[in-house]
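S.K.: Position chain B against the provided structure of chain A, taking the given hints into account.
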Amino acid sequence: GDSVTQTEGLVTLTEGLPVMLNCTYQSTYSPFLFWYVQHLNEAPKLLLKSFTDNKRPEHQGFHATLHKSSSSFHLQKSSAQLSDSALYYCALRPNSGGSNAKLTFGKGTKLSVKS
Amino acid sequence: GGIITQTPKFLIGQEGQKLTLKCQQNFNHDTMYWYRQDSGKGLRLIYYSITENDLQKGDLSEGYDASREKKSSFSLTVTSAQKNEMAVFLCASSIQYEQYFGPGTRLTVL
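Chains A and B supply the protein sequences, listed in that same order.
Everything in the first sequence is counted per the numbering used here, starting at 1 for the first residue and increasing by one.
Everything in the second sequence is counted per the numbering used here, starting at 1001 for the first residue and increasing by one.
Rather than coming from a laboratory, the hints here were simulated on the basis of the structure.
Check before you lean on any hint, since a few could be wrong.
Straight line, CA to CA, 25 Å or less: simulated PhoX-like cross-link-like pairs of lysine-lysine [unchecked claim]:
hint	chain 1	residue 1	chain 2	residue 2
1	B	K1041	A	K49
2	A	K102	B	K1070
3	B	K1009	A	K107
4	A	K45	A	K107
5	B	K1041	B	K1057
Okay, chain A solo, but in the shape it has when bound (with noise of 0.2 Å):
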């Protein structure tokens, strides 16, 4: 079946220097893969989001590629802010027909931005 596999657990930064989270996946069909953000005591909502290899979508400051060679979609962002700190999760969905309705969601990756 699909998984995505993430940077486990806490990262901590300092304000200012680069952030980079993990993310590989495997799954039978080419799939897509996103980005959602959770901060605190909010509802998660979707960072980012791939298209075809080759196209970098970009958010806030965010970006990540979709490399299917390796299987993976890591995010990264030049400097990191102290509005940074939340929880990020990776997620594919199949490009197939049938069940493609379906996200298979990583086990999160919390950030903190110090200063």
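M.R.: Only chain B this time, still in chain A's reference frame:
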């Protein structure tokens, strides 16, 4: 725009009790979902529904029932609450690729 409303916001139950959580969306989305969120375990899919009166089991459906009687609403029932259970239940809806989440119901079982 639209919104997803979940009720109640906090739910306290007793062991063995049957508990129902409700979700309403006004996006007019076809597909709705119920997830359970536990610290360190991510978001696990309990049930989803691709249209009114449709139900599809997720990875964590045992111990739960769901009902989709209208396009705009999706309810989840915990059939027998487990002692010391504590989790957040998130409802979501989607059209095409993006899922929109509600604020969650926090369940505590005494």
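S.K.: Please verify whether B/K1041 and B/K1057 have alpha carbons no more than 25 Å apart.
M.R.: Roughly 19 Å separates the two Cα atoms, so the pair holds.
S.K.: Next pair to validate is B/K1009 with A/K107; report whether the Cα-Cα distance is within 25 Å.
M.R.: holds (23 Å)
S.K.: Going straight from one Cα to the other, do A/K102 and B/K1070 come out at no more than 25 Å?
M.R.: OK: A/K102 and B/K1070 at ~20 Å, within 25 Å.
S.K.: Has the given pair, B/K1041 with A/K49, been kept, meaning a C-alpha gap of at most 25 Å?
M.R.: Distance ~22 Å between B/K1041 and A/K49 Cα, so the pair holds.
S.K.: Could you grab the alpha-carbon distance between A/K45 and A/K107 and see if it respects the 25 Å cut-off?
M.R.: holds (16 Å)
When the structure is compared with the earlier hints, no violation turns up for any of them.
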